[in-house]
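First to last, the protein sequences are chains S and V.
Residue numbers for the first sequence follow the working numbering, beginning at 1 and rising by one.
Residue numbers for the second sequence follow the working numbering, beginning at 632 and rising by one.
Treat the hints as calculated values from the structure; they're not laboratory data.
Take the hints with a grain of salt, since some may be wrong.
[To be verified] Within a straight-line C-alpha distance of at most 30 Å, the following computed DSBU-like cross-link-like pairs (lysine-lysine) qualify:
1) S:533 <-> V:735
2) V:668 <-> S:533
3) V:699 <-> V:756
4) V:756 <-> V:724
5) S:533 <-> V:724
6) V:724 <-> V:667
7) S:533 <-> V:656
8) V:668 <-> S:400
9) S:516 <-> V:756
10) V:756 <-> S:533
Here is how the chains run, residue by residue.
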Amino acid sequence: MSFQGLISGSECAVPSNPLSQVLKHTEGDRSLQQLHQLPGTLNPTSNEHDVALARQFFDTNQQGHEMAPSFTIPYALGPARMDTMSGPHLHDAWVKEQQGIRPFEELANNAAWASEFGGSYSPSPSAQQIMVSKPEYQRPSLMSGVVMHGGTMPVTMYGANNVAHYGLSANFNVVEGKGKGKSREADFEAAFAQIAASLTPAQADVSGFVEIEDEATDIEESLKNVSLNVSESDVEHGTDFQKVWDQLQKSELPPPKEDLAKWEAEFSQLMNAQRDELDDYGSAMQEAWEGGVGNYQEGTHGENPVRFDAEGIPMLGDYVFEQNNKYLGQPPSSRSLLDDAKALLEQNGSLSEAAMMLEAAIQEGQLGEGGFETWILLGETRNMDEREDAGMRALTHGVKLAEEAGAPGAGMLSLAISFTNESYDRASHSMLLRWLRARFPTLVVPEETIKAMSTNSAWDTHTRITELFLGLARSQHDQGVMDPDVQIGLGVLFYTNGEYDRAKDCFATALAARPKDYLLWNRFGSSLSNGNKPEEALGAYREALQIRPTYTRAIYNVGVACLNIGADKEAAEHFLSALSLQQSTSGDTSDQLWFTLRRALLSMNRIDLADLAKPEARSSLELFRKEGFDF
Amino acid sequence: MSDDIKVPGFNASELISGLKDVFEKYSDTERQAQIKKTNGIFELQVSNDAKETATWTIDMKKTGTVFKGKAQPKADVTIILSDETLIDLANGKLNGQKAFMTGKLKTRGNMMLATKLDTVLKGAKAKL
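Extracted from the complex, chain V is given alone in its bound form (with noise of 0.2 Å):
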């Protein structure tokens, strides 16, 4: 497991952690399928209950990895939103949009891939 990517107190850090994981060890055309279906750069910007701030960037356009730190040369959507709001995005209990019309999560950017977030944040989806 990367330990580099966590930070400690958030809840978040286990996701992104397996996210990386998962990301790391996709074959190139898997990488490609899945930079083809989201096509963004989402930069994360978690809260906690301590006020402390860490920025996670999930890219899914150019390279398909997740590290830590601010996206690099710039995001497509800035993310702002709080370490449960993210949990919760990720294992379904929330979606995109219901966190932003509640103001739980809030966008900088490319607001429409905002939605997309949760795609991406869950592993694997059921099809109608």
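Excised from the complex, chain S in its bound form (with noise of 0.2 Å):
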């Protein structure tokens, strides 16, 4: 930036404002003005501001030249202008330049400064005031010089209090300066430079000080006096404008105490605020993505916690066979164990035995198709014996198995079910992402969407999912199809968010192509019980348990919306029966249905049997039965 231009009077009088130096300054030196106001934290938008704030001065200059000025004010000075007063001569050609170069112009500045503050700023009539009652005053305009320019600083900061302070503490300094000529201008030079230091260097004009070092000792030796840095810092000719900003920034001159505490006090405001309303969304999800949900590293006694990976899904580790199979070891008859399952399940038999089969089967290598069918059926069918833990483990590496095997899709939409149930609603949402991209592959899904599986909290996850599922089934049903898969993936979207109504319709859709599947009816009473419908849901079950009666989970359910309505009773007999159906093939039982079993037998007030209920008194379900359950 060349400052000749900015002294020389040619050069301010040609075209362009002499204030527009101001716009470049406020420009030009924004890094600074953002390190000093704001320690710690930058804030972009106050200075934006404040750009905009001289930008928009500009243009209504311009309307004002055109405008015939009504304001009596003689004469403004920009602070660019300042550097011009150092000097004795410069100030002579200010006199001549003030008796009329372009006073119409000046003129035309000074009601648009007006205006401006007036448009703006509470402190304006105060400004005005200054200008207008000090008009016999030789230089006025230097005061409105400073008062503007404290106009061009970032308000949000300084408050406007402020501008009118420094302005009024000016024209105090100002009037108190008796003396004429150099004296006088000594004076003012340093009221100004004093107020130039309480208003943080980066805000004082910095042409100022460079150009009195260089044309006005006297003004140095007084700019000494009053303690500015600066002055002291830099007695060099021709410095450029960076090593001065530096030094300034270097110096140890504080940010005015009042200021800093106002601006403290309103940060932690702002800041409060925010934080009431939201807490900090980033850090919660942080917090929760780290901890899966809620904090491992303490608390948690007993077991081992549950790990997540990076898309939430849980890592269970290996599925454990039990230990008394009766069809391990078993002479190689001419059927394979797995068909054997599979005729098991078809007839109907009993789902404990048919996992026993399937676990036989694996354990002897009979993987099935893919080398994953057989896992997957195990998983399946543990998860509809109310064995969550085991069908979940066996049906994680089932679809490891089978994406391995270029299978991609087999067993997800079950797993995702299964984790569903037990509130890992990350992991659900990230598996039915994969299956609907292994079973959909022309599927156009955004890069941000599975990016955002592994970074993003549930419920974000959840909305991009179901935007997806949304916009595959409005298509498809556009082409007349109705695809159930899709129904129920929706549906158990809509489940883990709590929207049973919506997740029930989608059942009920896919119902209407698949009538005859149980599971299908099971989860549609599910959705009716966890919408506080158990009465309804009680139909549905009867449905799924009508074409499926060995289905543990659909009478688990029964009795869950027993429960729910209060017949604790008949709740307690349905997981009794459901029991005894388990124990009658393999012996083991699931640790689902004696807890929930204790918890109805607690709402009975019969706390001799829920004792009776703990796993480490589990005995014949005989008892119970003698104690009058029928079952």
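Each chain sits in its own coordinate frame; assemble them with the hints.
In structure tokens:
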């Protein structure tokens, strides 16, 4: 930036408004202003606001040229002109200028300034007052220059009051300066320096200081007297701006205390307001993500905490096979164990027994189609038998094998449902997305959504995946197709979100295509039951159990519905019958069933019986039969 | 029934005291299973129509208990809601997210945990 241009009168009078230099300042020195005014935080908006204000001003100024100014202040100087004050010879030039080089234009400036103040800042009346009340004073323009300069500062930081305050103090100092000529000037400069110092160096007009040192030593001295660090540190001639700024930045001149305090209060108020509103979304998510849900580092005693992979899928460990499996080590028959199990499932046989067969089949290497079929079937069977944990492990393994075998998609929907039941929402969403992409490879999935699966919260992923499923379901509907699997996926999504009404509708739609699907009937019922309609749910469960009487999960759900209705005894009977079904085949029973049975017994206020259902006390179910439970 | 946990003028009193009974009768393994599933400390700040406020804490992280008053040392999530909303949440008329979105429920802390609240409040949940 050339300073010659600023100093010389000729350039000043050239087309561009001298005040336009202020704009350059605001734009050019932004970084430093930020540093000084917002220690620790950058607030770009305030500066943009600043620049915008300056722009706005110059725009109005252009219009001001045409308008006949009615303002009566003789002359107004921009702060950029401060430097012209420093030398006596320049002073003369200034007087000449004042006497009418371009009074109209300057007048227009002032009017524009005033209107700007009037429009934007409350202190404007006082600023105007200063200017108006001192017209006889030799250089009212200087003050207005100071005030104006204040006006271009970021308003968000330094309250409007400060501007007025500085303006007034400038006024004071000037009035007190009674000398003539140079001494007066020195006084004024001292006063200005004081103000400038209190305004923080970033806001002071540096060009002024540079020129002062170059051209008037007495002023330099007076500047030293008011102990402005800059004047001491920079005695060289022709120093470039950057250097001065650097020094200013390094100088230990503290920002005004009261402003700092005010700013700090304002800042913390703002921050607190935001915190109250939403807490810190980012960090909350981060926390939730790092801990799965909650913090597993502390407080969880007992078993090892569940760990999750990047997409929120729990790492459950390997499937644990039954110890005493009567199907193991049997002489090979004509039919494979896998086929036997399938046949058993087909004939409505015991789920526990089928699961045992499938386990044996896996242990003997009968993995079925693609090496994953048996695993997935085992998982699904376990889930139907109300053994979510075992089912989830088997399905996780099966899905992994299927992906490795190049047949992704198999078992994923079942696994997603399993995750949903265990409240692993993110895992469920990830699995549904994987299933969707495997099943519909042509479907366009935004890159962002895929990324979001491992970074964003369950709320966000839920919205994204639901959008995908809805879009797909709509386009299918347009083609006159209804894919029950897509409807199931959508139903599960609504279910995880607690939108049981919509989930119910999805399952009902799917049921229209597969009326004999007992799994669907159960899911339909669950949606009703959790949606606070347990009575209606019972009808759906009945349908499921008519098709598949050994469907343990449906029996369990009937019990839950009874519990929610308040029919505790009936609930207990259902749980007991499910338990006896499991016990009759393998002897092994589902913890979940016992757990809920205990709950029902507690609701009946039969603590004695509830104690019998404790894991360590589980004995014969006959005890309960003797107590009058009919199952 | 434990009456000391109830706060007069709050319908949720019954719900909370019921919850406390259930929690107290859990066996250790059951309690741990429940803790494992939830793993969080909820602080409920419930206000009623008379502008009174009651605070309950559901600790589903360390002790597996319900008690009146603030969480010690601090809750993972503080849930601020009305008596009515709490009842609706518990009986499934409303879900956590919907309540949050409509401003009926406000949270401070780990809001992901807030979604688990209805699972905690609801006695037994049907499975898909």
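Hey, residue 533 (chain S) versus residue 724 (chain V), does the alpha-carbon distance stay inside 30 Å?
-> The hint holds at about 10 Å.
Given the hint that residue 668 (chain V) pairs with residue 400 (chain S), test it: the Cα-Cα distance must not exceed 30 Å.
-> 24 Å, holds
Hint consistency between residue 668 (chain V) and residue 533 (chain S) [alpha-carbon to alpha-carbon, up to 30 Å] = 25 Å, holds
Is it true that the CA of residue 724 (chain V) sits at most 30 Å from the CA of residue 667 (chain V)?
-> The given pair, whose Cα atoms are some 26 Å apart, holds under the 30 Å limit.
Do the alpha carbons of residue 756 (chain V) and residue 724 (chain V) lie within 30 Å of each other, as the hint requires?
-> 14 Å, holds
Does residue 533 (chain S) pair with residue 656 (chain V) here, judged by a C-alpha cut-off of 30 Å?
-> Satisfied, since the Cα-Cα distance of roughly 27 Å is no more than 30 Å.
CA of residue 516 (chain S) to CA of residue 756 (chain V), is that 30 Å or under?
-> With a Cα-Cα distance of about 24 Å, the restraint between residue 516 (chain S) and residue 756 (chain V) holds, given a limit of 30 Å.
For the pair supplied as a hint, residue 699 (chain V) and residue 756 (chain V), confirm whether the alpha-carbon distance does not exceed 30 Å.
-> Distance ~25 Å between residue 699 (chain V) and residue 756 (chain V) Cα, so the pair holds.
Regarding the pair residue 756 (chain V) and residue 533 (chain S), is the alpha-carbon distance no greater than 30 Å?
-> 12 Å, holds
Please work out if residue 533 (chain S) and residue 735 (chain V) have their alpha carbons no farther apart than 30 Å.
-> 23 Å, holds
Figure legend: structure checked against the earlier numbered hints; every hint is met.
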